[in-house]
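Number of protein chains: 2
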Amino acid sequence: MSGRLTIALDAMGGDHAPDMVVAGAELARERHPGVNYLVFGDENRIAPLLAKWPALRDITTVVHTPDAVAADAKPSVALRGGRNSSMRRAIDAVADGRAAVVVSAGNTGALMAMGKMVLKTLPGIDRPAIASFFPTLRGESVMLDLGANLECDANNLVQFAVMGAAFARSVLGLELPTVGLLNVGSEEQKGHEAIREAAARLRVLDLPLRFDGFIEGNDIGTGKVDVVVTDGFTGNVALKTAEGTAKFFSELLQRTFRSSILAKIGYLLARPAFIKLKARTDPRRYNGAMFLGLRGICVKSHGGTDEIGFANAICVAYDLAVQGFNERVKEEMPHLRPAPGPGSEAVAV
Amino acid sequence: MSGRLTIALDAMGGDHAPDMVVAGAELARERHPGVNYLVFGDENRIAPLLAKWPALRDITTVVHTPDAVAADAKPSVALRGGRNSSMRRAIDAVADGRAAVVVSAGNTGALMAMGKMVLKTLPGIDRPAIASFFPTLRGESVMLDLGANLECDANNLVQFAVMGAAFARSVLGLELPTVGLLNVGSEEQKGHEAIREAAARLRVLDLPLRFDGFIEGNDIGTGKVDVVVTDGFTGNVALKTAEGTAKFFSELLQRTFRSSILAKIGYLLARPAFIKLKARTDPRRYNGAMFLGLRGICVKSHGGTDEIGFANAICVAYDLAVQGFNERVKEEMPHLRPAPGPGSEAVAV
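For the protein sequence lines, the chains are Y and E, in the order given. Sequential numbering from 0 applies to the first sequence in numbering that gives the first Met the number 0. Sequential numbering from 0 applies to the second sequence in numbering that gives the first Met the number 0.
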């Protein structure tokens, strides 16, 4: 089994764990057969699940762990008391090289705290960020930070931009991703100091990305840029607001189709088209928040997801590993000083 | 005409001014006939428009102004050079008591800067806020601040909560509005210090509102609370993100209905139901951002709106004046110290 990619799974995180973790691994195995799994959790519960899928069982090693991190545990408590938890042991596997990536649907704060402590940040990255991708009118975009850092300075935002662009190249397959800083207006003088300083530095950056300046909230859904960069407070609110608005529309749509006999018949006729629409915006398709900036790839699945969503999170982790996301970031971080303008001297930051 | 409410209109602000301003006033007149208008702008352009509607002309006084604030003028420039602009003169009319409220579809930054300088803030209010209301699954909610203050301390947030609740009682007709602070999670320890301190103070407030603690972005669209309180940066991004997501869905919906013959027929059958859905979420229905906290009511219409949207902004201004919004805020501000808990002494802030 040497030469194959190994993915560590926290089998005990998430509302429907460990069932959906094992079933998700089976779905992911069908898409990427050349992978081994290292599964951490309660052996007595995992073994009967694996028995259902012999092909998965053959490429899976189960490591029994006595503990699991509670969904509502404080990160500090999980850090101190969770040394033998499935989550911690799965992260350890990445730290000591037994696995290339780790996927967990457990407690986000605990996963971030353990990830930072065990894996440490990449050279040149001050703080890791949480990133996620979502559907837009133009295709797919990625946004970060989504909540790891409530307050960010210009340095953090510039580093997020570089990591977001590397993510867009690795997972979305874009050659020259466009990057925008989320702000309250598109004019240069808008916003607070950190965001204006970050913009000034991104304008002169010499890296495989195109900085498009400031974007506004309404540009997120249209896909004006491939990478939306913001602080963790704003990003978290923006992503959840978009989710809430989507829910609002889907509920209104259902009410509309139920509101008259003609509307109901209309729905039956348009149903195949709506099934496609639903597939395109299925949240499970966009499951998987990536912790970018750690010396090891760590993907957080939604806690409430099912096996389809969990399989998608595994596939994102797979792409990040196979595309060498961390290697790209490591290569690009030394280029983070402003490039010399035409006719001017190089300026060190 | 004494005893009638007078509304000052900036006839020169907005993409389709002055036409949509005058036509909007006519629509608003039909809804609220007992109003006089004081219209500021280019008399040569306004007079022919008024000639179309004799009933409106009879209740309107036109004040000629030589200047207009450009849509892209910096607020500081508009403040210095705009003394004879239609916007400034309309605000002056509220300051000297000739009008009860002012409505403008012009430059937001200039309107806020002039409003602050000319009208000043209400007693007890450190900074005015921009508020707007929007449709939710439960009905309608109001959110503030939407961009007047990019950074806010706990004091600002508490004052916004009181003003937002007074707005919900005045315009949405709610007796005991529920209030939530927008945050990255609902647990007490979540968020930055300003928001946690604001929450602690709102929990013990003795005013006609019910504080529901922290809410998240996805709670905005469901209408979990009547009043969403946040800083101007986050609020601006959240509102525009919701608008962008709505646009994303409406575009996908159109594509879906166009995607097959059956879907097209389905749309024709469901069309009457969709016309109702569209009316419910028509942005013109929610036109009008209120500058709350000034000693005078100032309503900002979207710059790109038409006469229907502008008429709605006038009607919001009307409600705020008739319902005595500012009097409510003035009454309630002195109660902004924490109420005594059971068995404890009153604590001054």
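Hints may contain errors.
Derived contacts from chain Y toward chain E, CB cut-off under 10 Å, selection only [stated by the list, open to error]:
1. L149
2. A153
3. A245
No lab work stands behind these hints: they were computed from the structure. A virtual CB, placed ideally from N, CA and C, is assigned to each residue, including glycine.
Would you settle whether the hint for A153 of chain Y is holds or violated, based on the nearest Cβ-Cβ distance to chain E being less than 10 Å?
15 Å, violated
Per-residue hint verdict: L149 of chain Y, partner chain E, C-beta under 10 Å:
Since the shortest Cβ distance to chain E is 5 Å, the answer is holds.
When the nearest CB of chain E is found for A245 of chain Y, is that gap smaller than 10 Å?
At 6 Å from the nearest chain E Cβ, A245 of chain Y passes the 10 Å test, so the hint holds.
In summary, the structure is inconsistent with hint 2 from the numbered list given earlier, while agreeing with all the others.
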